[in-house]
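The task is simple: from the sequences and hints, build the whole structure.
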Amino acid sequence: MKQYLLSVHHESPEEVANVSDEDMQRMFAQVDAFNTEVRQAGVWVFAGGLEDIDSATVVDGRGAQAVITDGPFSETKEYLGGFWVIKAADLDEALEWARKGSAACEGRVEVRPFQGEAE
Amino acid sequence: MQSMAARDIEQVFRAEHGRLVATLIRRFGDIDLAEEALGDALVTALQTWPDQGLPPNPGGWLQTAAANKAIDRIRRESTRDARHHEATVMTPTTHDPVAEAAAAVEEFGVIADDRLRLIFTCCHPALAPETRVALTLRLLGGLTSAEIAQAFLVPEPTMAQRLTRAKRKIRTAGIPYRVPQAADLPRRLAGVLAVLYLIFNEGYLASSGDDPVRDDLCAEAIRLTRVVRTLLPDELEVTGLLALMLLTQARRPARVAGGVLVPLDEQDRSSWEPELIVEGHGLVRECLRRGHPGPYQIQAAINAVHTDAPTAPDTDWGQIVALYDRLRVVHPSPIVELNRAVAVAELDGPAVGLALIQDLPLDGYHPWHVARADLLRRLDRPDDAAAAYDRAIELTDNRAEQALLRRKRLAVQDPR
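Chains B and L, in that order, give the protein sequences. To convert, note that position 46 of the first sequence is 46 in our numbering; the numbers rise steadily by one, no gaps. In our numbering, each residue's number is its place in the second sequence (first place is 1) plus 1000.
Be aware that a few hints might be false.
Derived Cβ-Cβ restraints for the label pairs, each shown as a range [to be verified]: (1) B/50 x L/1129: 31 to 39 angstroms; (2) B/39 x L/1182: 22 to 30 angstroms; (3) B/9 x L/1048: 52 to 60 angstroms; (4) B/78 x L/1359: 33 to 41 angstroms; (5) B/14 x L/1230: 39 to 47 angstroms; (6) L/1076 x B/78: 28 to 36 angstroms; (7) L/1406 x B/96: 47 to 55 angstroms; (8) B/108 x L/1161: 47 to 55 angstroms.
Mimicking BS3-like on lysine-lysine, the simulated pairs with C-alpha atoms at most 27 angstroms apart in a straight line are [to be verified]: (9) B/2 x B/87; (10) B/2 x L/1167; (11) L/1408 x B/87; (12) B/77 x B/100; (13) L/1169 x B/77; (14) B/2 x B/100; (15) B/87 x L/1169; (16) L/1169 x B/100; (17) B/2 x L/1169; (18) B/100 x B/87.
Not close to chain B: a few residues of chain L, all C-beta gaps over 12 angstroms, as computed [said to hold, decoys possible]: (19) 1075; (20) 1255; (21) 1269; (22) 1358; (23) 1383; (24) 1399.
Bear in mind the hints are in silico, worked out from the structure with no lab data behind them. All values reported here derive from a predicted model rather than from experimental measurement. Each residue gets a CB set at the ideal place from its N, CA and C atoms; glycine is no exception.
Encoded structure:
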């Protein structure tokens, strides 16, 4: 089995802020149900939703003195909102989980394999 | 003993390439290794066949030679890895790639055709469309990256890089090497057929370059579609696509005259290829007997009606409109509406046809401008027709088609 990162990207903080409570409740319920399905299928590794991009801090420890800056890496339009890490036999299986996850969270999902040998 | 030229050997090699590489990939699980081993086997064939003559089963000979070359490569790699291993951790490995590969060779006698697995991998939706086309031509068609680069007018390093990147993604992302499950098959097969039709169409009306028709691409698309049909005989859309290609290819000899594209109604029908028409019509009848035809089968049937008419005025336009009526149900698109309107214009006149196409969102699609121009010409609106021909000429890079459109444009401006 390989491990895949299924990540959800938001277009902008406004996009998230403008979601109504009702819509948010529905998405939470859908994602909950999806998470249960992933666990029951035995392919769950880890998952999490992230706080707003405003809460990000960048640390650059490449020099002698670490430099700490407020905010995300760069002013890119899209940013990571949450993710799942799952186990799958191949990309087709991972894509099928991504399809379900995308429907649950009502957002596009990017699928990326983790490095390293398959177990 | 017959002596063989390198050209003949390369032809045998090209014909066997898809089958050989597909089997090697399944047995060794590595596309690059399969290609390299097959390349080694070709070198050996080029060295020995000219003197010793063609072996009784060239495909089997190449398969065995390539498998041995693959094992040699694995052995060399594993020796290197093993030395590296000893130097670092000194842990013996239970994994024995040489024995595994040798066991793989034993199984060669009973393999099913692996080309079907390979084509679904090459046409996987996780690869970019242009990559699917290139990979299919490379691995199944056996074209070199230089030949593919030339066919699609990109620099060779660009094409080589595209292929390398695709193979890396197949490996790292875990794109599977298998025929999709029944539930996914229709959708995935549609993707495969789209790639084959794209190859055919690029050949039949080259989007640019010196040759208006790339016969090599048309032939390769037909050959690969025949392979898929042999492997999936119950999938009627494959049969439909093959019929569509054959009935289109049948008109190839009449299609270009003196560097100018010849429209269907002006073609010399006596030069159409009767064997292809007979075969195509047979396939269309086979599809229609089974009912519920999909888009390729309906398009094939439309082409069967065209190729059935001894002269252009004999064309059964009523039948063609009826087929487009079915096509717009199973595969609605503005392009289908456009083609249907052209047929309707033959039945009900150019004004009706023009009204049907006027608002279609096809401004970037040169056949829309051609159809408009032809209808405007028939409606005695030469200035509007000339403007539409101009726009069509701007939008096509095919020289033979440009020549045809310029001739038509001159004719509306300067009526005899």
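Do the hints match the structure? See the list:
1. For the pair residue 50 of chain B and residue 1129 of chain L, the beta carbons lie near 33 angstroms from each other, so the given range of 31 to 39 angstroms is met.
2. For the pair residue 39 of chain B and residue 1182 of chain L, the supplied restraint of 22 to 30 angstroms holds, since their beta-carbon distance comes to about 27 angstroms.
3. A hinted range of 52 to 60 angstroms for the beta carbons of residue 9 of chain B and residue 1048 of chain L is consistent with their spacing of about 56 angstroms.
4. A hinted range of 33 to 41 angstroms for the beta carbons of residue 78 of chain B and residue 1359 of chain L is consistent with their spacing of about 36 angstroms.
5. The given range of 39 to 47 angstroms is broken by residue 14 of chain B and residue 1230 of chain L, whose C-beta atoms sit roughly 55 angstroms from each other.
6. Distance hint check for residue 1076 of chain L and residue 78 of chain B: the Cβ-Cβ separation is about 45 angstroms, which falls outside the suggested range of 28 to 36 angstroms.
7. The beta-carbon spacing between residue 1406 of chain L and residue 96 of chain B, approximately 52 angstroms, falls within the hinted interval of 47 to 55 angstroms.
8. About 27 angstroms separates the C-beta atoms of residue 108 of chain B and residue 1161 of chain L, a value inconsistent with the hinted range of 47 to 55 angstroms.
9. A threshold of 27 angstroms between alpha carbons decides the hint, and for residue 2 of chain B with residue 87 of chain B the separation of about 6 angstroms falls inside it, so the pair holds.
10. About 18 angstroms separates the Cα atoms of residue 2 of chain B and residue 1167 of chain L, which keeps this hinted pair within 27 angstroms; it holds.
11. Distance hint between residue 1408 of chain L and residue 87 of chain B is unfulfilled; the C-alpha atoms sit about 61 angstroms from each other, more than 27 angstroms.
12. Distance restraint check for residue 77 of chain B and residue 100 of chain B: the Cα-Cα separation of roughly 25 angstroms lies within the 27 angstroms cut-off, and the hinted pair is therefore satisfied.
13. Among the hinted pairs, residue 1169 of chain L with residue 77 of chain B is consistent with the structure: their alpha-carbon atoms are about 26 angstroms apart, no more than 27 angstroms.
14. For the given pair, residue 2 of chain B sits about 19 angstroms from residue 100 of chain B by alpha-carbon distance, which is consistent with the 27 angstroms threshold.
15. Proposed proximity of residue 87 of chain B and residue 1169 of chain L is supported: the alpha carbons are some 18 angstroms apart, at most 27 angstroms.
16. Taken as a hint, the residue 1169 of chain L and residue 100 of chain B pair is honoured in the structure, with Cα atoms around 23 angstroms apart against an allowance of 27 angstroms.
17. In summary, the hint linking residue 2 of chain B to residue 1169 of chain L is supported, as the alpha carbons are separated by about 14 angstroms, within the 27 angstroms threshold.
18. With a CA separation close to 15 angstroms, the supplied pair residue 100 of chain B and residue 87 of chain B stays within the 27 angstroms bound.
19. Against chain B, the non-interface label of residue 1075 of chain L holds: every CB pair exceeds 12 angstroms, the least being about 21 angstroms.
20. For residue 1255 of chain L, the non-interface assignment is confirmed: its Cβ lies about 41 angstroms from the closest Cβ of chain B, beyond the 12 angstroms cut-off.
21. At roughly 47 angstroms, the least C-beta separation between residue 1269 of chain L and chain B is larger than 12 angstroms, which holds for a residue marked as non-interface.
22. No beta-carbon of chain B is positioned within 12 angstroms of the beta-carbon of residue 1358 of chain L; the least distance is around 36 angstroms.
23. Against the 12 angstroms criterion, residue 1383 of chain L stays outside the reach of chain B, whose nearest CB is about 46 angstroms from its own CB.
24. With a cut of 12 angstroms on Cβ distances, residue 1399 of chain L stays outside the contact zone with chain B, its closest approach being about 42 angstroms.
Taken one by one, the earlier hints fail for this structure at numbers 5, 6, 8 and 11, listed in ascending order.
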